[in-house]
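Listed here are the chains, written in short residue letters.
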Amino acid sequence: MAKRRLSDLRKAQMRAGYLFVVPSFVLYALFVLVPVAITIVLSFTYYDISFGADWVWFENYQRFFGESRSITIFWNTLRFAFFAVTGNVLVGLLLALALNRAMPGWLLYFFRLAFFLPVIISAAFVAVVWSYFYAVDFGVINYYLNVLGLPAVPWLTSSKVAMTSIVIMDVWKNTGFFMIILVAALQGVPQPIMDAASMDGASPWRRFSRITLPYISPVLFFCIVFATIGALQVFESITILTGGGPGDSTRSLSIYLVDEAFGSFELGYAAAVSVVMMLLVLIVTIIQLVGSRRLVEA
Amino acid sequence: MQKILAGLLLATAMVAPAWAQSDVSAKLRLMTFGGEAQVKATQDAIARFNEDYPNVEVELGVDPISGGWGDFVSRVLQQYNAGEQYDVYHTAVETLQSFAARDMFIPLTDFIEGNADFEDFDPKLFELTAYKGTTYFIPSTWNNIMTNYNRALFKEAGIDTPSKTWTWEEFADVAEKLTKRDASGNVTQFGYEVPNFFFGLMPWFFSNGTSPITADWTASNMTDPKVAETLQFLYDLIHVRKVSPQVGQEGVENQFFAGQIAMISRGHWIVQNAISSNLDMDIAVQPGRVNNNTVIGFGAYGISSKSQNVDLAKALVTELLSYETQVAEGDLGGAVPGRKSAAETEGFLKFPPSAPLYYETLPSTQAVPSPANFQEVDQIFMRYFQAIMTDEMSIPDAVAAADQELTRSFERLKRVTQ
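First to last, the protein sequences are chains A and B. Per my numbering: the first sequence = residues 1 to 298. Per my numbering: the second sequence = residues 1001 to 1418.
It is possible that part of the hints are untrue.
Under the rule of at most 25 Å between Cα atoms (straight-line distance), these lysine to any residue pairs were calculated in the SDA-like manner [unchecked claim]:
id, chain 1, residue 1, chain 2, residue 2
1, B, Lys1132, A, Lys160
2, B, Lys1242, A, Gly149
3, B, Lys1414, A, Phe262
4, B, Lys1180, A, Pro151
5, B, Lys1414, A, Phe138
6, B, Lys1306, A, Ala53
7, B, Lys1414, A, Glu67
8, B, Lys1242, B, Gln1232
9, B, Lys1242, A, Val153
10, A, Lys160, B, Gly1259
11, B, Lys1414, A, Ser68
12, A, Lys160, B, Glu1036
13, B, Lys1306, A, Phe51
14, B, Lys1180, A, Ser68
15, B, Lys1040, B, Gln1272
16, A, Lys160, B, Ala1401
17, A, Lys160, B, Glu1250
18, B, Lys1132, A, Tyr143
19, B, Lys1180, A, Val140
20, B, Lys1180, A, Leu150
21, B, Lys1242, A, Ser158
22, B, Lys1414, A, Ser159
23, A, Lys160, B, Leu1234
24, A, Lys160, B, Ala1400
25, A, Lys160, B, Asp1397
26, B, Lys1180, A, Tyr143
27, B, Lys1226, B, Ala1215
28, B, Lys1180, A, Gly149
29, B, Lys1414, A, Val41
30, B, Lys1027, B, Gly1068
31, B, Lys1132, A, Glu67
32, B, Lys1177, A, Phe138
33, B, Lys1242, A, Ser159
34, A, Lys160, B, Phe1197
35, B, Lys1242, A, Tyr143
36, B, Lys1180, A, Val41
Quick look at which bits of chain B chain A covers, simulated, 3 or more residues with Cβ under 8 Å [what the hints assert, rightly or not]:
id, region
37, 1242-1251
38, 1337-1346
Think of the hints as simulated: they come from the structure by calculation, not from any bench. For each residue, glycine too, the CB sits at the ideal point set by N, CA and C.
Please model the entire structure based on the sequences and the hints provided.
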């Protein structure tokens, strides 16, 4: 009898649980799962909005992996992600370490605000402003280089420099976000342990590598995954700064797929590009997850 | 008495259409584009239309064209698919083939021929809107690229006003004279700006008797030696004669308004900025190698093939293209009005001094190449153009690669057009 009452209760709880989950699951299915499924199906077709779809099976994927242009863009995306993630997280960590020390409260808040401010400014605005900084003939940076007697740098008009210029702007714009997260993580490192290590004669580097880093490693890992996913989808800053040029030297997968979908109306091919992009994000994230099991302290 | 009565009846019948109101009740949807001032001119036209059709509600949609014309085409296609299409679309030359190839608009050849009012428009404009011999769109306003120059800098350098037949060589010499450098060799004033957009570049190809794609817009023409010759000339302006800033920089147009660049290739759309910058500017024709042809792009009205109110839509388009609307648009300074009479008003001709040249050069214009894959052609061409101008690729390599990509794009396009 008692068992039956418990069973009814559990059933009621389960029903309530499902009812609570249903709205969010329906929304998730409607706005995530269904579009993903449609995108995957579209990627096997030649689709014209007026004339409908023709099955082309793997033709879109063959085109993607068969064209040197798309492979260049694929590597550009990885290259940008690697340098942007490294720059953002590393500079964010250095800033966090610099700010995680005793200083007057107003100064601390001033620095935090100063470094975080670029994060809340729209990427489009930031890119427009930086494009004026980077201009070869009339740019602010080259003006000062010229004053110092140094040659002008083709910041955005040379394929050898353009990607670096974009990464610099990206780090300036986003590193404050990681700084704030890492400052919070650093404040969670127990001070008595740090003090004990100091008393035992541990050097600052040893204290950082043996105590601080293991403590903040889960947060650091989150920062790396978060930055990677964002970097692999980079769009607006590159579009405004270089439009993907010179040539294709800074074009990312997301710019490429928008060009193909809404410029060339190659919706099937664009769907294939987005599937490749999704798999890329998935694979990189899995690699990071697997790697983190060894490196991140529980 | 009978004669007087008959005369009165006849006079009444003749005058009646001028003041008669239609009692037709319907709803029309109009999609347009443009800034606040253009939208105001459109709203005024709708108000005039409603004087004749008080029971016809006109819903006005304004597309910001923020993602370019390709994006606009995509949006219109989606509207058709969803059955949410507008009755009348105001669009641009870049989209015409994409729409016409899909039978999305009704042929307007008979409507145009049966309406004497359209004789005020230059026939050339209608020729440019035709697709496979049929006209689907009626041009509204247009822009042709002219050489805009700073008169004060010309006077300062002692250079005469450019003639209507000036050549590439004469132009390059003038650009050199207008380029100034400081003691350490840094340029402080450029003679010209090599355009960094497809529309702005076309006059250089047209004036050399060529184009990046064939005249019928169905294939690549990159391997024409004249294409490479034109690219070489533009490359030399930047790298050999050093009279132009490198392409791909922000704010170059502002440098022209600030007097740091002496010549720039733009359309009538910069006139208002030139006035507000107090720039002593005038216009000259495109310098020529084999001719002085330039490029033209235009806006145009089309009526949806799915419209249930075609006659009302035609009446609305007639009002949108009326003299009053065209004068209002012309005086705004955005583009040249399609009606010649509206481009001859005092308001339109007051600036720049050679403003009549806009209409005078119309016969020697060629439409901006706008096949159904326009957006892709634009992207491919500009990508390789920038690669050449920034020394990333040699001209022969870039031309060959662009030709290959354009050819593939036109092959894919056959799926839609055939």
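To see whether the hints hold, each was checked on the structure:
1. B/Lys1132 with A/Lys160: violated, 46 Å
2. B/Lys1242 with A/Gly149: holds, 20 Å
3. B/Lys1414 with A/Phe262: holds, 18 Å
4. B/Lys1180 with A/Pro151: Distance ~19 Å between B/Lys1180 and A/Pro151 Cα, so the pair holds.
5. B/Lys1414 with A/Phe138: Violated - the C-alpha atoms of A/Phe138 and B/Lys1414 are around 44 Å apart, more than 25 Å.
6. B/Lys1306 with A/Ala53: holds, 22 Å
7. B/Lys1414 with A/Glu67: Given pair B/Lys1414, A/Glu67 holds - Cα atoms ~20 Å apart, limit 25 Å.
8. B/Lys1242 with B/Gln1232: holds, 13 Å
9. B/Lys1242 with A/Val153: holds, 16 Å
10. A/Lys160 with B/Gly1259: Distance ~32 Å between A/Lys160 and B/Gly1259 Cα, so the pair is violated.
11. B/Lys1414 with A/Ser68: holds, 23 Å
12. A/Lys160 with B/Glu1036: violated, 42 Å
13. B/Lys1306 with A/Phe51: Holds, at roughly 16 Å.
14. B/Lys1180 with A/Ser68: violated, 43 Å
15. B/Lys1040 with B/Gln1272: OK: B/Lys1040 and B/Gln1272 at ~17 Å, within 25 Å.
16. A/Lys160 with B/Ala1401: Status holds; Cα separation ~20 Å.
17. A/Lys160 with B/Glu1250: holds, 19 Å
18. B/Lys1132 with A/Tyr143: The given pair, whose Cα atoms are some 53 Å apart, is violated under the 25 Å limit.
19. B/Lys1180 with A/Val140: holds, 20 Å
20. B/Lys1180 with A/Leu150: Since the Cα atoms of B/Lys1180 and A/Leu150 sit roughly 20 Å apart, the hinted pair holds (cutoff 25 Å).
21. B/Lys1242 with A/Ser158: Roughly 17 Å separates the two Cα atoms, so the pair holds.
22. B/Lys1414 with A/Ser159: It is violated: about 34 Å lies between the C-alpha atoms, which goes past 25 Å.
23. A/Lys160 with B/Leu1234: Given pair A/Lys160, B/Leu1234 holds - Cα atoms ~23 Å apart, limit 25 Å.
24. A/Lys160 with B/Ala1400: Cα-Cα ~22 Å, so holds.
25. A/Lys160 with B/Asp1397: Holds. A/Lys160 to B/Asp1397 sits at ~19 Å (cutoff 25 Å).
26. B/Lys1180 with A/Tyr143: holds, 17 Å
27. B/Lys1226 with B/Ala1215: holds, 14 Å
28. B/Lys1180 with A/Gly149: holds, 19 Å
29. B/Lys1414 with A/Val41: Answer holds: B/Lys1414 to A/Val41 is near 23 Å, not above 25 Å.
30. B/Lys1027 with B/Gly1068: This hinted pair is violated, its Cα atoms lying about 29 Å apart.
31. B/Lys1132 with A/Glu67: violated, 34 Å
32. B/Lys1177 with A/Phe138: With Cα atoms ~20 Å apart, B/Lys1177 and A/Phe138 stay inside 25 Å; holds.
33. B/Lys1242 with A/Ser159: holds, 21 Å
34. A/Lys160 with B/Phe1197: Holds, at roughly 23 Å.
35. B/Lys1242 with A/Tyr143: Judged against 25 Å, a Cα distance of about 18 Å means the pair holds.
36. B/Lys1180 with A/Val41: violated, 59 Å
37. 1242-1251: With 7 residues close enough to chain A, the hint holds.
38. 1337-1346: violated (count 0)
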